[in-house]
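Participant: Sequence:
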Amino acid sequence: MEFEKSILNKRSDEAKPGTAADDRHLMTFHCQHCYTVLADSLDVCGELQSLDSVILLKVTDDVVVGDAVMSKDKGEMTNCISSPLKCSHCHLDVGKILHSSPPSLAPVRSLFLLDKSSISCYILNSSSMVKASGLSFDLQPVSERLAEVKQHFEAHLEKMSILKSRLADMSIIRNKKRRVNTKPDKRLTHNKHAHFLPLECIVSTLDHQNHILVTA
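Counting from 1, one number per residue, gives the positions in the sequence shown under UniProt numbering.
Do not take every clue at face value.
In silico lysine-lysine, DSS-like type, Cα no more than 27 Å apart, as pairs [as the list claims (entries may be wrong)]: (1) Lys164 with Lys177; (2) Lys164 with Lys131; (3) Lys58 with Lys131; (4) Lys72 with Lys58; (5) Lys86 with Lys74; (6) Lys150 with Lys164; (7) Lys72 with Lys86; (8) Lys131 with Lys86; (9) Lys131 with Lys150.
Since the hints were made in silico from the structure, they are not lab data.
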């Protein structure tokens, strides 16, 4: 995967160096000489400031791993066995991978270390190309990230509790209305259970009243 060199040069000239917040943006890493894609930010797992390198879990097939050699550098790389990483198109040295190292570099063994001075970053959301040396790739500590997730979760839990309380109140109101609408009429209930006299008793009573009236 390659980009037109003239376009990338133009964007590189117009782009401003990034800040520490830019490390959260999605980006691709390119060879600073020929702009071949070397990796992307999804595989970044930190920055090794002592070697001015970006630590990556994976790289593209355009990164060639050279033969393992004993490092001749002094300082942290003393007595390290590493393989150089080269761009497959222009053969520029773009980083290294450590096979054997002192304890201080043990956490980054077998990981890909891209030299920030040899790569550029294409930031997707701003469509701009900037030098990796102008960006910070330090990852947020796990404890801080967990605290943010916990706070976010508690906020959602509080919203759900409020919603649950409102639904319960609405259910109570509906039940009260339903009871009022289905309450029977007391007058109808009284008439329903009224006791009626037999027809013979009514006729006998009427005959008795007529007999009294005639006699009078």
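Participant: Evaluate each hint against the coordinates.
Facilitator: Here is what the structure says about each hint:
1. Lys164 with Lys177: 20 Å, holds
2. Lys164 with Lys131: 51 Å, violated
3. Lys58 with Lys131: 20 Å, holds
4. Lys72 with Lys58: Satisfied, since the Cα-Cα distance of roughly 26 Å is no more than 27 Å.
5. Lys86 with Lys74: 22 Å, holds
6. Lys150 with Lys164: 21 Å, holds
7. Lys72 with Lys86: The hint holds at about 18 Å.
8. Lys131 with Lys86: 18 Å, holds
9. Lys131 with Lys150: 35 Å, violated
Hint check: violations occur at hints 2, 9; the rest are consistent with the structure.
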